[in-house]
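Throw the hints in and build the complete structure from the sequences for me.
Quick mapping for you: the protein sequence lines, in order, are chains A and B.
Just so you know, we're using my numbering here: the first sequence kicks off at 1 and counts up by one.
Just so you know, we're using my numbering here: the second sequence kicks off at 1 and counts up by one.
It should be emphasised that the hints constitute simulated quantities derived from the structure, not laboratory data.
As the structure is a prediction and not an experimental result, all values here were calculated from the model.
Please note: incorrect hints may appear among the correct ones.
SDA-like, lysine to any residue: derived pairs with alpha carbons at most 20 Å apart [stated by the list, open to error]:
no. : chain 1 : residue 1 : chain 2 : residue 2
1   : A       : K255      : B       : E45
2   : B       : K18       : A       : G254
3   : A       : K462      : B       : E45
4   : A       : K263      : B       : N15
5   : A       : K150      : A       : F437
6   : A       : K462      : B       : L14
What follows is the residue order along each chain.
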Amino acid sequence: MNKIIFGLTLIVCTALSATSAFAEDAVPATPPAATETVAATPATQAPPEVKSLPAEKIVAETNGDGTTVSQKDENDTFSHSLTAIWLLVCGALVFFMQPGFAMVECGLCRAKNANNILMKNVLDFCIGSVVFFFIGWGLMYGKMGVEAGKFIGFSDFMMHNSGDMLSWFFQVVFCATSATIVSGSMAERTKFTSYLVYSLVISAVIYPISGHWIWGGGWLSELGFHDFAGSTVVHSVGGWSAMMGAIMVGPRIGKYVKGEDGKIHVRAIQGHNMALATLGVFILWFAWYGFNCGSTLSGLAHASMAHVAVTTTLAAAIATITAMFSSWIIGGKPDVSMTLNGALAGLVAITAPCDVVSPGAALIIGAIAGVLVVLSAMFFEQVLHIDDPVGAISVHAMNGAWGTISVGIFGNLAALGGMHTRMGMIGVQLLGVVSVFAWVALTAGTLFFILKKTMGLRVPAKEEMRGLDIGEHGSEAYSGFQFFSNM
Amino acid sequence: MMKLIIAYIQPDKLNDVKQELFKQDIYKMSVTNALGCGQQGGYTETYRNVMNEVNLLKKVRIEIAVTEPFVEKTVKAIIKAAQTKEIGDGKIFILPIEDVIRIRTEERGEQAIG
Numbered sequence: 001m002n003k004i005i006f007g008l009t010l011i012v013c014t015a016l017s018a019t020s021a022f023a024e025d026a027v028p029a030t031p032p033a034a035t036e037t038v039a040a041t042p043a044t045q046a047p048p049e050v051k052s053l054p055a056e057k058i059v060a061e062t063n064g065d066g067t068t069v070s071q072k073d074e075n076d077t078f079s080h081s082l083t084a085i086w087l088l089v090c091g092a093l094v095f096f097m098q099p100g101f102a103m104v105e106c107g108l109c110r111a112k113n114a115n116n117i118l119m120k121n122v123l124d125f126c127i128g129s130v131v132f133f134f135i136g137w138g139l140m141y142g143k144m145g146v147e148a149g150k151f152i153g154f155s156d157f158m159m160h161n162s163g164d165m166l167s168w169f170f171q172v173v174f175c176a177t178s179a180t181i182v183s184g185s186m187a188e189r190t191k192f193t194s195y196l197v198y199s200l201v202i203s204a205v206i207y208p209i210s211g212h213w214i215w216g217g218g219w220l221s222e223l224g225f226h227d228f229a230g231s232t233v234v235h236s237v238g239g240w241s242a243m244m245g246a247i248m249v250g251p252r253i254g255k256y257v258k259g260e261d262g263k264i265h266v267r268a269i270q271g272h273n274m275a276l277a278t279l280g281v282f283i284l285w286f287a288w289y290g291f292n293c294g295s296t297l298s299g300l301a302h303a304s305m306a307h308v309a310v311t312t313t314l315a316a317a318i319a320t321i322t323a324m325f326s327s328w329i330i331g332g333k334p335d336v337s338m339t340l341n342g343a344l345a346g347l348v349a350i351t352a353p354c355d356v357v358s359p360g361a362a363l364i365i366g367a368i369a370g371v372l373v374v375l376s377a378m379f380f381e382q383v384l385h386i387d388d389p390v391g392a393i394s395v396h397a398m399n400g401a402w403g404t405i406s407v408g409i410f411g412n413l414a415a416l417g418g419m420h421t422r423m424g425m426i427g428v429q430l431l432g433v434v435s436v437f438a439w440v441a442l443t444a445g446t447l448f449f450i451l452k453k454t455m456g457l458r459v460p461a462k463e464e465m466r467g468l469d470i471g472e473h474g475s476e477a478y479s480g481f482q483f484f485s486n487m
Numbered sequence: 001m002m003k004l005i006i007a008y009i010q011p012d013k014l015n016d017v018k019q020e021l022f023k024q025d026i027y028k029m030s031v032t033n034a035l036g037c038g039q040q041g042g043y044t045e046t047y048r049n050v051m052n053e054v055n056l057l058k059k060v061r062i063e064i065a066v067t068e069p070f071v072e073k074t075v076k077a078i079i080k081a082a083q084t085k086e087i088g089d090g091k092i093f094i095l096p097i098e099d100v101i102r103i104r105t106e107e108r109g110e111q112a113i114g
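Now the structure itself:
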């Protein structure tokens, strides 16, 4: 016993001395960094009205102090390279959201539909990126004549005149993130071919047009609407599409059962692998650092990047905690999949305001997001009877809307451009939320309605019971394992 | 007389069969996954574009031990829920039971079955 205590004391002492040594080293470096942070904050936190690279501007400013031409060229190359490295790394991180979504959705589905959901997640990125090259990019970041159009861009298809490869790469992964949200809410019953058509249309038309309003210089950005990394542009668009899809395709067989008493009973249909779902959530969280921090769009905005990383972390962490306690209080136990939804809810909510709110406000935004996602998931499932196997509507649509509105409530008005009063800012944010909802509900609703009437949205009941893996893809995900495929 | 009823049914009919049995006050059963083949034949899967003949199909096996008065009720309930009149609906076997022993109390026979 004594030996153990001695050993522990030794470890603690070593750790303490190591920490203090580190602290001594770190102290001299801290003050200049801190002042730099303060000075840089107003400039870097200005809302990115048009998501293009600000590197040109920064170089032009630094050249005013009598530097020679060769030095200017050097600075120019250096800042361009920094930005390129930052955006390529962050873009690759955002791409990594695809496996995150694939694992979350696969884990929360039944084993007999695992292949199908994986295929949807693979294919929506691939179809989306190809049509974003041909059509989407031109509608989102193209010009109307010489100016950015109010409602739609229309130039630069296939990037034939701008050749802005860096921006295209960074934007295409956001587009794909939006598209992939829907597969979860329509999982386990949707025809594979119809899903492919959907993913083509959202990446070609639906996402780029509402994206143009906000990031492409359209009417919402002119009003001072602020959505830093895409609570509305990416997540709400995906979330509302997910809602329209889930309504149109209808609930899974066995989800809502009419009892003897004539009432409709809600049944839980459990996911088959919570380890995959948890891995997926952690992957998404990891990728979110690229999603939010990369949306600084500049390799030089070091203060902003760090600020965004802090607010993102805090909101996600507290949302996970509040979601867990909400499910604990309501359901009697801390529910795993609700807690996982909570982490994503916090991340979605902080995506719009992460650059203009303090860490304290990020905690409040995240805390509300965690409660909201649980209540919303129960409302959609048990009151509206919309079957959403992974909670995509509550995570992405509801918390996308909440995060966007929270910009108006908690955002630093000066950093938001100083165009509006507090109430005015809330009003603009609300207008953005409502108009994007209307746009997506209308277009995605029409799309799914047409698909339902022509190709058919749903697989036959028999195929659904047996599992989409065999029906749609001819093979099982877990060959050699036995499952109760009645579940 | 006690009988053991063994039914092989389509996996997706398990919930229906269970509900139909509950209606007849039959609550006790064992359920296992089974693989088997019969008249239905097999089906083909494909893996990397290579055909793969699967002739052992997934079925669910239900075992229910009942006393004589419950035999017909049980059989009717299973048929009512599992029948689609298509090939592959399954089979029911009825076997006599020599004795039943409840391990906890060492009760035997009809006392142990219910």
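Hints, one by one, checked against the model:
1. Only pairs whose Cα atoms come within 20 Å are accepted, and K255/A paired with E45/B is rejected, the gap being roughly 28 Å.
2. Proximity of K18/B to G254/A is assessed by CA-CA distance (about 14 Å); at most 20 Å being required, the pair is judged to hold.
3. Using a Cα cut-off of 20 Å, the hinted pair K462/A and E45/B holds, with the two alpha carbons roughly 17 Å apart.
4. Our distance criterion of 20 Å between C-alpha atoms is met by K263/A and N15/B, whose separation comes to about 18 Å.
5. With a C-alpha separation of about 18 Å, the suggested pair K150/A and F437/A falls inside the 20 Å cut-off, and the hint holds.
6. This hinted pair checks out: K462/A and L14/B have alpha carbons roughly 14 Å apart, not beyond 20 Å.
Hint 1 from the list above is the single one not met by this structure.
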